[in-house]
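2 protein chains.
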Amino acid sequence: MRAPVIDNLQYVNWSETAFRQLREGRVDAIHVTIAYHESFREAVLNVSQWNGWFEQFPDLLLRGTTGDDVRRAVETNRTAVFFGFQNPSPIEDDIGLIEVWHQLGIRFMQLTYNNQSLLATGCYEDNDTGLTRFGKQAVAEMNRVGLVVDMSHSADRSTLEAIENSTRPIAITHANPKWWHRALRNKEDRVIRALTESGGMIGFSLYPHHLKDGTDCTLQSFCEMVAEAASRYGVASLGIGSDLCQDQPDSVVTWMRNGRWSKQMDYGEGSAAQAGFPPQPDWFTDNRDMPNIAKGLADAGFAQDETDAIMGGNWLRFYDTSFGAQE
Amino acid sequence: MRAPVIDNLQYVNWSETAFRQLREGRVDAIHVTIAYHESFREAVLNVSQWNGWFEQFPDLLLRGTTGDDVRRAVETNRTAVFFGFQNPSPIEDDIGLIEVWHQLGIRFMQLTYNNQSLLATGCYEDNDTGLTRFGKQAVAEMNRVGLVVDMSHSADRSTLEAIENSTRPIAITHANPKWWHRALRNKEDRVIRALTESGGMIGFSLYPHHLKDGTDCTLQSFCEMVAEAASRYGVASLGIGSDLCQDQPDSVVTWMRNGRWSKQMDYGEGSAAQAGFPPQPDWFTDNRDMPNIAKGLADAGFAQDETDAIMGGNWLRFYDTSFGAQE
Chain A
0 MRAPVIDNLQ YVNWSETAFR QLREGRVDAI HVTIAYHESF REAVLNVSQW
50 NGWFEQFPDL LLRGTTGDDV RRAVETNRTA VFFGFQNPSP IEDDIGLIEV
100 WHQLGIRFMQ LTYNNQSLLA TGCYEDNDTG LTRFGKQAVA EMNRVGLVVD
150 MSHSADRSTL EAIENSTRPI AITHANPKWW HRALRNKEDR VIRALTESGG
200 MIGFSLYPHH LKDGTDCTLQ SFCEMVAEAA SRYGVASLGI GSDLCQDQPD
250 SVVTWMRNGR WSKQMDYGEG SAAQAGFPPQ PDWFTDNRDM PNIAKGLADA
300 GFAQDETDAI MGGNWLRFYD TSFGAQE
Chain B
0 MRAPVIDNLQ YVNWSETAFR QLREGRVDAI HVTIAYHESF REAVLNVSQW
50 NGWFEQFPDL LLRGTTGDDV RRAVETNRTA VFFGFQNPSP IEDDIGLIEV
100 WHQLGIRFMQ LTYNNQSLLA TGCYEDNDTG LTRFGKQAVA EMNRVGLVVD
150 MSHSADRSTL EAIENSTRPI AITHANPKWW HRALRNKEDR VIRALTESGG
200 MIGFSLYPHH LKDGTDCTLQ SFCEMVAEAA SRYGVASLGI GSDLCQDQPD
250 SVVTWMRNGR WSKQMDYGEG SAAQAGFPPQ PDWFTDNRDM PNIAKGLADA
300 GFAQDETDAI MGGNWLRFYD TSFGAQE
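Quick mapping for you: the protein sequence lines, in order, are chains A and B. Numbered according to numbering that gives the first Met the number 0, the first sequence spans residues 0 to 326. Numbered according to numbering that gives the first Met the number 0, the second sequence spans residues 0 to 326.
No wet-lab data here; the hints were simulated from the structure. Everything numeric in this text was worked out from a predicted model, so none of it was measured. Just so you know, even glycine gets a beta-carbon here, dropped at the ideal spot from N, CA and C. One thing to keep in mind: the hints can contain errors.
Some but not every residue of chain B turned toward chain A, in silico, with C-beta under 7 Å [said to hold, decoys possible]:
{"hint": "1", "residue": "92"}
{"hint": "2", "residue": "93"}
{"hint": "3", "residue": "114"}
{"hint": "4", "residue": "115"}
{"hint": "5", "residue": "124"}
{"hint": "6", "residue": "129"}
{"hint": "7", "residue": "131"}
{"hint": "8", "residue": "262"}
DEER-style ranges, computed between Cβ atoms [what the hints assert, rightly or not]:
{"hint": "9", "chain 1": "B", "residue 1": "48", "chain 2": "A", "residue 2": "275", "range": "44 to 54 Å"}
{"hint": "10", "chain 1": "A", "residue 1": "143", "chain 2": "B", "residue 2": "298", "range": "50 to 60 Å"}
{"hint": "11", "chain 1": "A", "residue 1": "262", "chain 2": "B", "residue 2": "231", "range": "33 to 43 Å"}
{"hint": "12", "chain 1": "A", "residue 1": "323", "chain 2": "B", "residue 2": "275", "range": "37 to 47 Å"}
{"hint": "13", "chain 1": "A", "residue 1": "67", "chain 2": "B", "residue 2": "277", "range": "52 to 62 Å"}
{"hint": "14", "chain 1": "B", "residue 1": "254", "chain 2": "A", "residue 2": "323", "range": "27 to 37 Å"}
{"hint": "15", "chain 1": "A", "residue 1": "166", "chain 2": "B", "residue 2": "275", "range": "29 to 39 Å"}
{"hint": "16", "chain 1": "B", "residue 1": "272", "chain 2": "A", "residue 2": "143", "range": "27 to 37 Å"}
Make a model of the complete structure from these sequences and hints.
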């Protein structure tokens, strides 16, 4: 089998065109977002929409729930689609919904999306409780059933406590190091160290607000950052989580930032002057550009096996050990 | 008009018997709990249940939404029933539901019930964020529409920040001072001072876990506590919020404590040895005993006008200024 390519976070406005681009870019597996602010019932609608796409495009897509689904995708020239939540809103206040969602195929769940949740604190809050009472129980339940804790949008203390409380490795599916670009959403060195030393994974983001120089970030700068991260944390903990938000109208980023909780406009990582989605760097505009990343990593000095690991092998290993019931 | 008697927090298992006891005890108004952990839709069911009781018992009850409804109740020998939430769960993640709930008659909402909520921190959490981003916006919206912030089950920092952020006086509808009985749910002197200095009200609780000596607490001890509170905070900020949980099966207190968030048994203020509702003191077992409190206050040295104020006049003044839209 050729080495798999996995992008562990995308939020594309999906269409047949976008599905075909996945194949053109040889992307074997993606982790897609099923919920930002959705309630249980609303998130079920999004699962149902994907069920329709799996039925409609069986030659392009397959449902991903285990690492073997990635292998099946490689062998049959399709893309395995894994589900995740960027917010725990779909479990509402009910710990029993964690197992229900695992049954429905959810494999990653962020404990917070920017704001305080019932479980932990997001990176946009002024104060960080760490894990709440419900949060500690939820992490244990996620560990039990095989639903990965994702702390991409969480505050530092909450992230460190999630790493400490979780009996299985966790993930930061899409963020970059703050030592490269000091964005609120990027992560402190000590947080990435604690994550990777406990077997966790970080997926590097290609969302312009997370990139040094934003839209003008060069492929070389990005890949040099990955090389520095490899020297700090080891190659085996690194992957891609591009956060690709292709073809989305700007109303979607307003929804992502404001949900239903705000009566004022919250611009999040943007501003009144740049309220919408920022333009992607020209070397990564859609899934057809995925081979550029592999080439950039090689140019930055990574050996072929290291590039393969970062482009998907590491995520596949993580999938193999993370998605089943705890032994 | 005779002085009104108002109990600003009851969670009775309502029945015709219990409604008739309200009349026997001459209780002119009560604030009842519409939600502990309920979602929007579930809380609507509880409103609907009360709608049925208002229709079924028009000679005993009337719907309370303004201070004048208390006066109408006194004049017609009925009990005005005001609605409140002990948890913000019925607004879910939607700030727009605050006004919707005000339209449906809700007049008090706790920002937290023991645990962390999307708005603030409960008194059972180890760490206290104060008001969250959503919490600050929610308090402003509650101020705008006339929905009173209640911090009975909240942690200290959150309570102090609610007092500071709110442009209208807030309430602790049911709790006692920690200087009298050091229960987790009772309140620090500095918190009650900040509350009352800003025009807020505290309702004294008759729930045994909040009482010195629990079920064995004497009426004299309770009323001496009220007298000490009057000397510290002034008579005008004091009322009753008995937290009467009459005729409830123990399964209800298990639900109040555990909701859907816990897979372990949480005993809250109880213990494995005393898991259920604690027995009431014999001088306050149901609404027929309400005159005992007034008598106890008189025996503790309060003048008639002071007793009247504590038994209901203060809450009525607070209702008059709190339930309408902000001017």
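Hint by hint, here is what the structure shows:
no. : hint                         : result
1   : 92                           : 5 Å, holds
2   : 93                           : 4 Å, holds
3   : 114                          : 5 Å, holds
4   : 115                          : 4 Å, holds
5   : 124                          : 6 Å, holds
6   : 129                          : 6 Å, holds
7   : 131                          : 4 Å, holds
8   : 262                          : 6 Å, holds
9   : B:48 with A:275: 44 to 54 Å  : 46 Å, holds
10  : A:143 with B:298: 50 to 60 Å : 57 Å, holds
11  : A:262 with B:231: 33 to 43 Å : 38 Å, holds
12  : A:323 with B:275: 37 to 47 Å : 40 Å, holds
13  : A:67 with B:277: 52 to 62 Å  : 55 Å, holds
14  : B:254 with A:323: 27 to 37 Å : 33 Å, holds
15  : A:166 with B:275: 29 to 39 Å : 34 Å, holds
16  : B:272 with A:143: 27 to 37 Å : 29 Å, holds
The structure agrees with every numbered hint stated previously.
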